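Enquirer: In case you want the letters, here they are:
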Amino acid sequence: MNDLAGCGYPGHAAEVSHARPALEAIGLCKRFGPLQVLDEVSFKLGQGAFHALLGGNGAGKSTLVKCVMGYHAADRGTVLVENRECAIGNPRDAHRYGLGMVYQHFTLVPEMTVLENLVLSRLPIPAMIRWREEKQRLAALMEEMPFSVPLDRKAGELAAGEKQKVELLKQLFLQPRILILDEPTSVLTPQEADSLLGMLKKRTRSHRLTVLIITHKFREVMDFADAVSVLRRGKLVYSGPLAGQTPARLAELMTGSEEIARTVTREKVEEKPVRLEIDRLDVASDHGARAVKELSIRLRGGEIFGIAGVSGNGQQELVQALSGQRRPDRGAIRIDGSPYAGTRREMARFRLRCLPEEPLRNACVPRMSLAENLALRTFDRPGFTRWRWFVDAKAQKTQARELIERYRVHPPEPERRLDTLSGGNVQRLVLARELSGQVELLIAANPCFGLDFAATAEVRRQLMQARNRGAAVLLVSEDLDELLELSDRIAVMFEGRLTYESWTAEADLDTIGLRMAGH
Amino acid sequence: MNVRVPAQVLESLLIPVSALLAALLLFGIFLACLGNDPLAVFHSMVRGGFGSAFAWRNTLERAAPLMLTALCTALPAQLGLIVIGGEGALVVGGVSAALAGGLAFEDQTPWLAIAAMLIAGTAAGGAWIGLVGWLKHYRGINETITSLLFNYIAIALMNHLVTGPWRDPASLNKPSTRPVGSAHMLGDMPGLGVHWGLALALALCLVCYTVFRQTTFGFAVRIAGGNPRAARLAGLPVGLLTLITCFWAGAAAGLAGSIEVAAIQGAANASLAAGYGYAGILAAFLARQNPLAVIPVALILGGISASAGLLQRSHHLPDAAVLMLQGIIFITILSSETCYGRLQPWLDSRRRA
Numbered sequence: 001m002n003d004l005a006g007c008g009y010p011g012h013a014a015e016v017s018h019a020r021p022a023l024e025a026i027g028l029c030k031r032f033g034p035l036q037v038l039d040e041v042s043f044k045l046g047q048g049a050f051h052a053l054l055g056g057n058g059a060g061k062s063t064l065v066k067c068v069m070g071y072h073a074a075d076r077g078t079v080l081v082e083n084r085e086c087a088i089g090n091p092r093d094a095h096r097y098g099l100g101m102v103y104q105h106f107t108l109v110p111e112m113t114v115l116e117n118l119v120l121s122r123l124p125i126p127a128m129i130r131w132r133e134e135k136q137r138l139a140a141l142m143e144e145m146p147f148s149v150p151l152d153r154k155a156g157e158l159a160a161g162e163k164q165k166v167e168l169l170k171q172l173f174l175q176p177r178i179l180i181l182d183e184p185t186s187v188l189t190p191q192e193a194d195s196l197l198g199m200l201k202k203r204t205r206s207h208r209l210t211v212l213i214i215t216h217k218f219r220e221v222m223d224f225a226d227a228v229s230v231l232r233r234g235k236l237v238y239s240g241p242l243a244g245q246t247p248a249r250l251a252e253l254m255t256g257s258e259e260i261a262r263t264v265t266r267e268k269v270e271e272k273p274v275r276l277e278i279d280r281l282d283v284a285s286d287h288g289a290r291a292v293k294e295l296s297i298r299l300r301g302g303e304i305f306g307i308a309g310v311s312g313n314g315q316q317e318l319v320q321a322l323s324g325q326r327r328p329d330r331g332a333i334r335i336d337g338s339p340y341a342g343t344r345r346e347m348a349r350f351r352l353r354c355l356p357e358e359p360l361r362n363a364c365v366p367r368m369s370l371a372e373n374l375a376l377r378t379f380d381r382p383g384f385t386r387w388r389w390f391v392d393a394k395a396q397k398t399q400a401r402e403l404i405e406r407y408r409v410h411p412p413e414p415e416r417r418l419d420t421l422s423g424g425n426v427q428r429l430v431l432a433r434e435l436s437g438q439v440e441l442l443i444a445a446n447p448c449f450g451l452d453f454a455a456t457a458e459v460r461r462q463l464m465q466a467r468n469r470g471a472a473v474l475l476v477s478e479d480l481d482e483l484l485e486l487s488d489r490i491a492v493m494f495e496g497r498l499t500y501e502s503w504t505a506e507a508d509l510d511t512i513g514l515r516m517a518g519h
Numbered sequence: 001m002n003v004r005v006p007a008q009v010l011e012s013l014l015i016p017v018s019a020l021l022a023a024l025l026l027f028g029i030f031l032a033c034l035g036n037d038p039l040a041v042f043h044s045m046v047r048g049g050f051g052s053a054f055a056w057r058n059t060l061e062r063a064a065p066l067m068l069t070a071l072c073t074a075l076p077a078q079l080g081l082i083v084i085g086g087e088g089a090l091v092v093g094g095v096s097a098a099l100a101g102g103l104a105f106e107d108q109t110p111w112l113a114i115a116a117m118l119i120a121g122t123a124a125g126g127a128w129i130g131l132v133g134w135l136k137h138y139r140g141i142n143e144t145i146t147s148l149l150f151n152y153i154a155i156a157l158m159n160h161l162v163t164g165p166w167r168d169p170a171s172l173n174k175p176s177t178r179p180v181g182s183a184h185m186l187g188d189m190p191g192l193g194v195h196w197g198l199a200l201a202l203a204l205c206l207v208c209y210t211v212f213r214q215t216t217f218g219f220a221v222r223i224a225g226g227n228p229r230a231a232r233l234a235g236l237p238v239g240l241l242t243l244i245t246c247f248w249a250g251a252a253a254g255l256a257g258s259i260e261v262a263a264i265q266g267a268a269n270a271s272l273a274a275g276y277g278y279a280g281i282l283a284a285f286l287a288r289q290n291p292l293a294v295i296p297v298a299l300i301l302g303g304i305s306a307s308a309g310l311l312q313r314s315h316h317l318p319d320a321a322v323l324m325l326q327g328i329i330f331i332t333i334l335s336s337e338t339c340y341g342r343l344q345p346w347l348d349s350r351r352r353a
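Order-wise, the sequence lines are chains A and B. Under our numbering, the first residue of the first sequence carries the number 1, and numbering increases by one thereafter. Under our numbering, the first residue of the second sequence carries the number 1, and numbering increases by one thereafter.
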């Protein structure tokens, strides 16, 4: 199935190391408030290299590439493109020097269609746009791609995975000489990821393109990269050829001495009663189409039910219906036999928690502090109120300090505004909030998207622990490896329906792949 | 971290005060162009607003409705809504109060009639802005536009009622509803010479501050205002929170209207639409939507408008000069919004340099 995964490109690394650098950064420093995010970072990107940038959450990877792109102004340091010093003040300048970047967060205009968004990114935008020609060009480009995106849908209606694909397509459409990718494959199926990286790799071989890629997946690094740089807490700890490095060695470089959570084994749990019952559920998407169609699921305690599928097949709407963000049109959701409508009282009674995708957008209040965000579930519970109706800020802060320490949220300041945190740390914070306390029903959507491998291992451990404790877990994920590792039962969702269902132990990978593609 | 909190507090004082000073400077230039001595005019403004017991009474009587209409903008702002319908809610509240006091409870005991007036005005104003909230949440119609248009509807409705079906035949040159009668008027607080409406307004500001900043309800409102998706994920009833908040916002402005009728006008007429609703928007923004800060801000704005008469008499300034000052203040305040969050980085960079 992973027919591309084995392709190595031997002999390429040596050639690259002697080449004139396509991009060079010298002594980059960046500070956010009291936090030194980048500390004298210097590295070279060889012409035609496929260079991987590794580092834990909050190590400064995103900040580094954003400084190169002119998205942030570095406090000190210079950037050279093709040995010439460049003053890159903003991403438009970077674009002029031939740099392109696929961001981790989305840069699409939500109210415009995908086609409009793609054309908009061209610089300069022609005074007259020939829509038909543009559409044909894009369709031709998409032919080469391992995936396709709907050109006529509004960007705001797309699921995270689809948005990511549009971002990728946008950069390839612009044809930069140096392409920076911030975790581009986290939302692709393994096959899609491999063929995408393979395609980029092919372009680097003919020296048409130089790639700098941020990723957490060692497999991708080992299979595709020819050079690697590792950041740890803002400092560059290694930069050089990949040859001679092993995943274990790289992991050690990334974490230093930090301990990695060991996987928890699946314990045998006696069969428990059905906890979550979804009966012929219909959910509409934002533009009114039926996104979930007559979907039925029965989920028992002590089991993880995994739903695989390419993003945009109704998973988002299903999760929203379960997490209280969207009202179903028809059908019923029952928990422990009683109807469930997503109210706060029901969530507390059934101990339902949710890990939605894009946690900053779906699960946090950016303008409030870490402590307040951690109190979203508990602020009106006994122990967090005074005289029943009043908020107890002190209790919130105590809770926050404990959770921040336990889940290693960085920086550990309960008073800090949430929107100053890095993406991975926001995710840890949501994990801390949703997994604390006795969870009995957990809805998780791509819970490891954007996390480094230490945090990923931690999340998976927590999910398995919750299951072993007897909780029911519904895990919607685009990462098939994750689903195969964690689920007791696995299903495939395609166009709003479950088209495949099996015990994970008996699951047939080829059939799953085919069902995901709609065959 | 130890420095962060004071910097925020410092900002929320420093920036509005500087904006206010900038507005006075601009107004001073305007005055100088007209051939007036700006300093003399400012002196008169202080005298006319706060210079004597009479001036203070005048100021406080204007500050009371301002506090209430400011709440009409400040409370929905906690939800992230910009409601500018204070004028309409005030008018609707005033008309309802006059109806309750003048028609339904004419022959009742005074306290019952007064209570009926205040409750009628509060409920009507609440329903008025509550409708704006309902349209926003369940129909997705922009609350700023609807509340603005609702102002025009309210004023037209009042004009229709006081010149038509509910007109008192005895009101000749100024069409009004039937007077509520001096026995049913809201009296003065002993020793102050200012009506009880001021006490109500102050109390409501304090209650709103407590409810929206310290209770679990207020916390839920702030979550819903900061990110409705996260609020739904936490199981909070965003629609209900919107309705309740908008209801109380309108209720505050409606109370202002009923106080105007019960303590000042004695009947509903065109004087109700005197611009308190619009000045309240200014007060709310000046107070950064903080119900407690609304109190001093309303005092300052009340003082400025109380001094209008004196400016007209002793400096021959047009009546609209005070409105102009209000407009300038609004512009400088809105412009100053962009300055928030810059003090801390500036302090940091200075410390390092």
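A portion of the hints provided could be inaccurate.
Covered stretches of chain A, as calculated for chain B (at least 3 residues, CB under 8 Å) [what the hints assert, rightly or not]:
id : region
1  : 322 to 333
2  : 345 to 351
3  : 354 to 363
4  : 389 to 400
Bear in mind the hints are in silico, worked out from the structure with no lab data behind them. Fair warning: this is a prediction, and the values are worked out from it, not measured in the lab. Note that the Cβ used here is the ideal one computed from N, Cα and C, for glycine as well.
Enquirer: A separate judgement is required for each hint: does it hold in the structure or not?
Expert: Outcome of the hint check:
1. 322 to 333: Satisfied; 3 residues make the cut.
2. 345 to 351: holds (count 4)
3. 354 to 363: holds (count 5)
4. 389 to 400: Held - the region 389 to 400 of chain A has 3 residues with a Cβ nearer than 8 Å to chain B, which meets the minimum of three.
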